[in-house]
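Put chain D with the ligands on the given structure of chain G with help from the hints.
Protein chains in written order, with my numbering: chain G, 26 to 426; chain D, 26 to 426.
One or more of the hints may lead you astray.
Since the list gives no way to pick one copy over another, a pair counts as held whenever it fits inside one copy or between any two copies.
[To be verified] Derived DMTMM-like pairs: lysine to aspartate or glutamate, alpha-carbon spacing no greater than 25 Å straight-line:
| # | residue 1 | residue 2 |
| --- | --- | --- |
| 1 | Lys253 | Asp353 |
| 2 | Lys253 | Asp32 |
| 3 | Lys58 | Asp76 |
| 4 | Lys392 | Glu143 |
| 5 | Lys253 | Glu233 |
Worth flagging that the hints you see were computed from the coordinates, not collected in a lab.
Protein chains: 2
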Amino acid sequence: MQSPSRDIRLRNCFSMLRHLLADHPSSRPDLAKKTGLSVATVSNLVTELIDLGVVVEAGLEDSGGGRPRMLLGPNTDGGVLIGVDVATTYVKFEAYDLALQVLFRIEEQVDLAEDTPEKLLDHIASGMAAVREVLADREILGLGVSLPGQVDVAGGISVSNPNWNWRDVAFKELLAERLGLDAPIYLDNSLKTVTAGELWFGDGLGVERLAVVVLGTGVGVGLAFDGKLYRGATNSAGEWGHTTIDPNGPVCRCGRRGCIEARIGAPGILRQWAAMGCDREWETQESAIEALAADWKTGEEPAVRTIEAVARDLALGVANFVNLVNPDLVVFTGWVSDALGEALLPELRRRLPDHVLESALGALRIKLDEQSRNMVILGAAALALEGHLNRIKSVGSRARL
Amino acid sequence: MQSPSRDIRLRNCFSMLRHLLADHPSSRPDLAKKTGLSVATVSNLVTELIDLGVVVEAGLEDSGGGRPRMLLGPNTDGGVLIGVDVATTYVKFEAYDLALQVLFRIEEQVDLAEDTPEKLLDHIASGMAAVREVLADREILGLGVSLPGQVDVAGGISVSNPNWNWRDVAFKELLAERLGLDAPIYLDNSLKTVTAGELWFGDGLGVERLAVVVLGTGVGVGLAFDGKLYRGATNSAGEWGHTTIDPNGPVCRCGRRGCIEARIGAPGILRQWAAMGCDREWETQESAIEALAADWKTGEEPAVRTIEAVARDLALGVANFVNLVNPDLVVFTGWVSDALGEALLPELRRRLPDHVLESALGALRIKLDEQSRNMVILGAAALALEGHLNRIKSVGSRARL
Ligand SMILES: [Zn+2]
Ligand SMILES: [Zn+2]
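Chain G on its own, in the form it takes in the complex:
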């Protein structure tokens, strides 16, 4: 595991970068004020960030009579970070400069039958070839890849993959061979990358105890404590989808009965809608969930009752982890949250006091992720940025974030 001083260093770097991205150029004293770090710590970190090519000097500021202050900004002409989101039906790529602006974006369609690591490597190599062609003159600092299923981060292993029936594939090694890339590769699953994205570049920044609820085909809860991703003993923390909320509930795709995912994952929601009287059919899950959102907006009875039922299950499940973990903030994200969050959240807020203990409820904020950015990919790139920043030696006290 990481050392605590490395954790603090990363936290301090991300805090400075975040402030620098939001408002630049900025002087060292400005950054010290915003981060709560000492000017000495900021100066040490800035020196190293400049050496690493992450930060550049960007002009001088008149300091009112004294020596003019050097202003700093992100090095947008420096190296690039690549984020990759691997899903069942697509592989998405984004290349970022060090201001985390998207320089290039490309998507490969994946056929459901392409279920071998080799096929997936073909798609990643093809996407990466396009990225490298467009950004030929830029150094790639790191590649972060989000994979579905269970990932052994240290070993770079895709331990299990629910969609493709993989076991223990040395994916990082295969990918490194295939791409022949000099830059380091970081592998993790999407629950972890999206949480890293929220922690460093989303609503989670500065939150001591963060929970990120991902609502999609599956559901999960990414956790971050003390400004650090919480992975658990085997990087499988957050498997909230397979916690039981009703031993008599429907059978889940994991084979167990009564998992919350069986009720509030997209297929579970659509099952509930059908049970409430909706007999239409759709090409895709995604279009069906969109139709449910549209029906709810116009007050169609089956849709309204489905939202109520899903919100009731969601409230039980959210209360269960809130009572256990007592977080400061719960952020809802994922494509189902994007489509139905507006409908679900007011119902959820109304129901939570019935299930969450008063003391935990008092400290709790809940919100929808309103970032326009793809947090899974940005989070994957953030893992690569973490790796790059880990070359820094300075520590200092801890930033306020």
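Then chain D with the ligands, alone, in the frame of chain G:
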């Protein structure tokens, strides 16, 4: 919140003390070897621990030709730590020397009708008078008090108390006034103190992700991550007892339906036993649970079926937090665990694979607390010891524990 360097310092101190308590006298190089700390860090910490009166020099060791090595031991003649466990029917006191040996123990009986803070203060003052009389010549370094219900640690407030219907009592201030004690007072609830006890002096030492399941009248899960008690945003983390495992389950004492506590807290277990055909009656809950354990041992059908049913519910509830938190170790403690743990644990082990995801199960150890010590009281004293050790300035790198 505490600073990270303070966390590391505490972790290092407790690691050294733990090894020193287990095997003393020990030399500085011995301690460095056992803790994984550098000899320099150990030497700095030892110097400060000697200054604080926690550690003493205890003779010389021949180092085979070189300069003889100074041997160290706990300062058993130094100050004392007091732990207090406040429950509905008793207040228990233990005074410890700095080897954490019990010097004196006393118990006050509390009448169920004595439900005001004043009455409770009377009992604590009476017990403390007895402690001070017996240990008149010893300095009290700190007093740790475990209270039922919700506790605001920083403010020293008893926020709510389920048994006595209190709200927001400034208990620490009242207690300080009443006792006129020079030593600092540390207040927390029993879930937190028992977890501190397990973390520093029990099975939790060196465990990165620890869960302590307390089974009693109520149930809860104390969490400790990175060698540090996890409190949550409002010190109410661990309220596992009021997580829902069955929306159609029995009504809980918190007023909600389907909490796991309503099934596996002592009253819930006894209700299940009655439903299985046991129609005997007992003076106390405790004697009833003992009778259930005895019946299970002799293979009485209602008892065997009750244990099966409780183990089934326990497996669901344990799986829920294991899937979420992915701990390395789950320790079962509390008076119901003491009585029924031997019966429940094999059933629990058998059932967990049906509910816990494979990757989390692979890393998981579960065990009964086999400490002969009262971990609630020892843990309360450990909080006082933490406070005392926080005067130390040295940090160093992190101990292996
Ligand atoms: Zn499941
Ligand atoms: Zn309850």
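Have a look at Lys392 and Glu143 and pick one of within, between, both or neither, based on CA distance no larger than 25 Å. This pair counts as neither: shortest intra-copy Cα distance 39 Å, inter-copy 43 Å.
When Cα atoms must be at most 25 Å apart, do Lys253 and Asp32 count as within-copy, between-copy, both, or neither? both (7 Å within a copy, 15 Å between copies)
Lys253 and Glu233: within-copy, between-copy, both or neither at 25 Å Cα: both (9 Å within a copy, 14 Å between copies)
For Lys253 and Asp353, with the copy left unspecified, which applies at a CA distance of at most 25 Å: within, between, both, or neither? Both ways: Lys253 and Asp353 sit 14 Å apart in one copy and 18 Å across, limit 25 Å.
Using 25 Å as the alpha carbon limit, work out where Lys58 and Asp76 are close: within a copy, between copies, both or neither. Classified as within; 23 Å inside a copy, 38 Å across copies.
Hint compliance for this structure: hint 4 is the single one not met.
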